[in-house]
Amino acid sequence: MKLTRRQFTLATLMAAGTAGLPVYVKAQGKKTIAVLFDGLYSPFWVAGLDVIKQDLTKRGYEMVQAISDKDDNRQFEQVRAMLARKVDGIIIVQTDSNAVIPAIKAANDARVPMVHFNRPPAKTDAFSVAVVADNRSITNATVEHMVKVAKEKGGKYKAAILIGNLGDPNAIGRRDGFFDVVDKNKDIIDVVARIPTEWNADVAFAGLTNAFQANPDINFLFTSSDFLFPQIVQVLKTRNKFQPIGHKDHIIFGGFDGDAMAYELLKDKYLDADGVQDLFKEAELAVNAIVDLQEGKTVERVLLDPGFAIHQANLEQARDRMWGYSIYKQKNG
Amino acid sequence: MNTVRLRLALLRNAPVALFVVVLAVFGSLSDRFLDVQNFTNILIQASHIAILGIGMTFVLLTAGIDLSVGAVMYLSVALLGIYLADASPILAVPAMMAVGALFGLVNAFFVVRLRVAAFIVTLATLFIGRGLALWVTETRMVFYKDQILSLARAEFLGVPWAIWVFAIVFAVAWIVLNHTPFGRQVYAVGENPDAAAKAGINVPLVLTTVYAVSGACAGIAGFVSITQVGAAASSFAMEKEFAAVAASVLGGVSLFGGRGGVAGTVFGAVLIQTVQNGLVIVNADPYIYPLVTSSIIFVAVFVDSQRSRILERLGRRRIRIEERPV
Numbered sequence: 001m002k003l004t005r006r007q008f009t010l011a012t013l014m015a016a017g018t019a020g021l022p023v024y025v026k027a028q029g030k031k032t033i034a035v036l037f038d039g040l041y042s043p044f045w046v047a048g049l050d051v052i053k054q055d056l057t058k059r060g061y062e063m064v065q066a067i068s069d070k071d072d073n074r075q076f077e078q079v080r081a082m083l084a085r086k087v088d089g090i091i092i093v094q095t096d097s098n099a100v101i102p103a104i105k106a107a108n109d110a111r112v113p114m115v116h117f118n119r120p121p122a123k124t125d126a127f128s129v130a131v132v133a134d135n136r137s138i139t140n141a142t143v144e145h146m147v148k149v150a151k152e153k154g155g156k157y158k159a160a161i162l163i164g165n166l167g168d169p170n171a172i173g174r175r176d177g178f179f180d181v182v183d184k185n186k187d188i189i190d191v192v193a194r195i196p197t198e199w200n201a202d203v204a205f206a207g208l209t210n211a212f213q214a215n216p217d218i219n220f221l222f223t224s225s226d227f228l229f230p231q232i233v234q235v236l237k238t239r240n241k242f243q244p245i246g247h248k249d250h251i252i253f254g255g256f257d258g259d260a261m262a263y264e265l266l267k268d269k270y271l272d273a274d275g276v277q278d279l280f281k282e283a284e285l286a287v288n289a290i291v292d293l294q295e296g297k298t299v300e301r302v303l304l305d306p307g308f309a310i311h312q313a314n315l316e317q318a319r320d321r322m323w324g325y326s327i328y329k330q331k332n333g
Numbered sequence: 001m002n003t004v005r006l007r008l009a010l011l012r013n014a015p016v017a018l019f020v021v022v023l024a025v026f027g028s029l030s031d032r033f034l035d036v037q038n039f040t041n042i043l044i045q046a047s048h049i050a051i052l053g054i055g056m057t058f059v060l061l062t063a064g065i066d067l068s069v070g071a072v073m074y075l076s077v078a079l080l081g082i083y084l085a086d087a088s089p090i091l092a093v094p095a096m097m098a099v100g101a102l103f104g105l106v107n108a109f110f111v112v113r114l115r116v117a118a119f120i121v122t123l124a125t126l127f128i129g130r131g132l133a134l135w136v137t138e139t140r141m142v143f144y145k146d147q148i149l150s151l152a153r154a155e156f157l158g159v160p161w162a163i164w165v166f167a168i169v170f171a172v173a174w175i176v177l178n179h180t181p182f183g184r185q186v187y188a189v190g191e192n193p194d195a196a197a198k199a200g201i202n203v204p205l206v207l208t209t210v211y212a213v214s215g216a217c218a219g220i221a222g223f224v225s226i227t228q229v230g231a232a233a234s235s236f237a238m239e240k241e242f243a244a245v246a247a248s249v250l251g252g253v254s255l256f257g258g259r260g261g262v263a264g265t266v267f268g269a270v271l272i273q274t275v276q277n278g279l280v281i282v283n284a285d286p287y288i289y290p291l292v293t294s295s296i297i298f299v300a301v302f303v304d305s306q307r308s309r310i311l312e313r314l315g316r317r318r319i320r321i322e323e324r325p326v
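Residue numbers (our numbering), protein chains in the order written: chain U, 1 to 333; chain S, 1 to 326.
Derived by calculation from the structure, the hints in this document are not laboratory data.
Since no wrong hints were added, every one of them can be taken at face value.
No more than 30 Å apart at the CA atoms, straight line, and that leaves these computed lysine-lysine pairs for DSS-like:
(1) S/Lys145 with U/Lys331
(2) U/Lys267 with S/Lys145
(3) U/Lys248 with S/Lys145
Some chain U residues flagged as far from chain S (calculated, every beta-carbon gap over 10 Å):
(4) Asp96
(5) Lys269
(6) Gln312
(7) Asn314
Remember, predicted model here, so these are calculated numbers, not experimental data.
Glycine included, every Cβ here is placed at the ideal spot set by N, Cα and C.
Can you make the complete structure from the sequences, with help from the hints?
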């Protein structure tokens, strides 16, 4: 059979088209989402990354991930690299709420949707969606329970708070949530130590030790993150104050996050209350948002996780919603 | 000339004067600050930075730098928590020192044999060390058993265990630097490596040893720190290299080598910790912590630079040119 030049050209184009079809189909079917975290510094972030990964895989997405190690410039470069790679969306945890703005603008220019997981950006004209826990109200609920316990026990209380990084809006929300409640109860609670931890374990350890040196009778303690529990337990043990609820030297103790150690301390009756971020809900909101944005749907700029406070009175009922309990169950069967 | 010498005498004692001012200010604000127990707390809290700084001092004295020490701390505690979880401290400490020393030898290989700048090599090994530790731990928090954690409360002759370790490391380092030929060689290499080589000093061996010492000290510092904080998250010992350099420089160790000593470094570490301690004791506003701490570091380093300038001026040769008779 003799082929004309025209037939040969058409056949070649058809063959090339057919050969390229699987790649095209794959590209359509397997969209890629970049997940950029600033670090995996606490169980919350480790679990968050795992949950997002599982959710994206379940929905048929391919995930590429990068960690910037608290380096804003590196994270910006990672965003640019992902945009050059033509990802279909970016889920990001930034270190600094202002430094992320150029990255949002770059994503807007490339028409790639961006969703912030658990940390909101600063105010900007650039468009992105933030999934955030209502840190202030969750802390309010947690500290209100602690105050309730204090009132039931009676007496006056000397309080200490371990504050997170002062540049982190979440840390500020938790600090403000704490003071909203204790300021209303100044008649029984005197805040004698405000300890900045910079989200750093040994700074927290030293700070709390020093706070107990200045005020050995601290009997009301709140930490802005559960990941500081090991250091707090060490300090309390050194001072013989790590005692369960009901013991005369028990310190009314509260935390924030809802991790596995928080569940263990609640179960063993060392912890009075813990503010729980609904990690599963936040991950789902983030993935839903990125999918919706990609499909051109309208999404609110801020998606709120109301979270909840878990305490001795509601532990049995609420623990299934606590992400730390899931991890505890996996570990301990 | 007398004025210069008077200024020099004042500047020489300025760090001590600064320390006294810090004590006086915080002491007047809280009666609990000048308590003996509080000084014990300060020494315990400063111990790991001081040990790290002592190792760093050896490297700085040779005009080098070791930015990998924080990563070595994390890597050694990660390996301890995962592979030596049941080991007694008698085995754990040498093992962690060995990990650190090995890392130091890797640094030394690139710095000494391949002549890559110490800053570049140790910056790279900082990331490698952290990367290895993250890989080993899978970025999860590592918890430790009670035989390690109980050391935070252990005492010998009424002195906490951490202070004993700190004191032993300091004493050994001080004797080595001030009373052994090796110590003199370290200073000589830092002052002028070419002259030291011409004088018959084995410069590569001295440099290799100081990096190994720095790594070993990082291993010990990691152990001391973990007995206190109880768990190692992925941020463990983050940026400790800067704290170690700050303690050394604050204590009068020159970044250009050949000047300073471990006593100064210990002083620097204790001064920084005293300020941090005082701010918590007086319940200061959390926003002023970095302002106060950085101001005191700035004053101390400024005073040190003035002192160096005057010393340099005094050390200059004075050549008087005789006027020729016309």
